[in-house]
Amino acid sequence: MSRDTTKLRFAETHEWVDATQEDGIATIGISKFALEALNDLVYMDLPEVGRTLKVGDEFGEVESVKAVSPLYSPVSGEVVEVHSELPDKLESLNEDPYDFGWIIKVKLDGDLPDSLMDHAAYEKQCSEAG
Amino acid sequence: MGPLMTNPSASESHEPAAPVNLAKTPLDAWHRRMGGKMVPFAGYEMPIQYAAVDPDEASSYIAKPANGIVAEHQACRNRAALFDVSHMGRLRFDGDDAAKFLDHVLTRRVADLPVGGVRYSMVCNAEGGVLDDVLVSHLETPSERRFHLLVVNASNRQKILKWIEPHLADFPSVTMSDRTELTAMIAVQGPMAIEITKKLFSFDPSRLKNYQARITDQFAKPVIVSRTGYTGEDGVELIVRAEEATRIWENILLAGREAGFTAAGLGARDTLRMEAGMPLYGHELDESVDPITAGLNFSVKLADRNFIGDEALREIKKTGPSRVRIGLFPEGKRPAREGCDVLDSNGTKIGVVTSGGPSPTLGVPIAMAYVDAAHAKDTEFQIDIRGRTTPAKPTKLPFYRRPAS
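Taken in order, these protein sequences are the chains called E and P.
For the first sequence, the numbering used here assigns the number 1 to the initial residue and increments by one for each residue that follows.
For the second sequence, the numbering used here assigns the number 131 to the initial residue and increments by one for each residue that follows.
Treat the hints with care, since some could be wrong.
What the hints assert, rightly or not - Coverage of chain E stretches by chain P, computed from C-beta distances (three or more under 8 Å per stretch; other residues unrestricted):
#1 7-20
#2 55-65
#3 70-81
#4 113-124
Simulated from the structure, these hints should not be mistaken for lab results.
No experiment lies behind these values; they were computed from the predicted model shown.
Ideal Cβ positions, reconstructed from N, Cα and C, are used throughout, including at glycine.
Could you build the full structure based on these sequences and the hints that come with them?
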């Protein structure tokens, strides 16, 4: 049962959001496009469960060989679950960014922000970034 | 997330945000065709790494680059890799007094450099501050014309040209020509580099010892081959005419195809030199650092000679440097990066990281730093990695030394 990526919403900063469960919980990860561009991840930092995030808050970071990239929350709400084994399995994150590679689950505070793109709009952004 | 591909030099070379008129190396079209991710570096557009090429598409190419910094790094450590280093400056000095002139501006003796010899040296200012770290070679053409060649850092080429000018005026018989744009420079590095390249030129480079160079040819097109490098591996650096660069580059890749040769970008070049404990100008070296502080005493010869900066360096050697360059292993997986503060075991700031990142060969983060000389022998350090204090163990440089062959 793999996640249907066409139903995901995407932030301009390459985080994806799955809010299709309609239980008020959003699952968040990083897009395949971003992971392929970063390549060779070496480190990941995750937030604590219980932390409250606002849209745009930095909730963690990923590091590739050359660069440190902050992770920005695409939604507002409380962190209810953290994929704590992920930092030790960064290769799997690269291979499977939408299923195994989920990063945090957030109990949503209100609706998803309008600024989030749908799959088609995000694909367009990526293809323009070339 | 932040930007996906950062400029490797962004924090280092103080490049403007939107650099104008970036130069291209003679291999530029090749890099682009083969998925090179081009970034501004020291006034040039250079490949930081190569993207994966679609395997079907790649089959029509003569060789497929590895995918990404780690794969390129490992190719160099295990087999061999090709680096376009054409951005490095190449300055040729002709005339009877060329050696005498260079002996005056370099910290290393040049007067006794035999034909075929190469030396690593510094160019210092009068205070002993490092203007550049360079390789000087003494070469002879097939028509027995002798000259000296200075290879300088890309980011320092204009500065060195300006620095040299007034001093050159004191040596009227010496002429200098900047050969950078007329030529390309290719580094072939790795345990298999010599084995593969030995068949490609009229002169077999395995006959060169380390730090020796000579002029040879490929089908009568001149090639300077030098047994030097910046990766910690065996290998050669080649200087060829710009118009021959792609042909020779592809010939090497083709000759090494079975052996798994690959092109590698500046990203891997940086992780390789870091593991090898080699300084990079703008990080471990700049005008505020002297070669003795940098731990590069072998690049300074003070006995029986005078050169620019010799007085200052004699003094520093006598009193000892105020800080020292050390290697550190930060605990855990989180790499310390350039600019992170180094603390003593009490948490007092005693230095700063100059280069740091993951070591693909060792599988742990590594860092080089300057710390106050009083702490040179400490056994415990801490690094402030963006607000989080991380213990770090000191280690002798280099972090990696290639197995004896």
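Hint check results:
1. 7-20: Holds, because 3 residues of the segment 7-20 of chain E bring their Cβ atoms closer than 8 Å to Cβ atoms of chain P.
2. 55-65: holds (count 4)
3. 70-81: holds (count 3)
4. 113-124: It is violated, with 0 qualifying residues against the three required.
Hint 4 from the list above is the single one not met by this structure.
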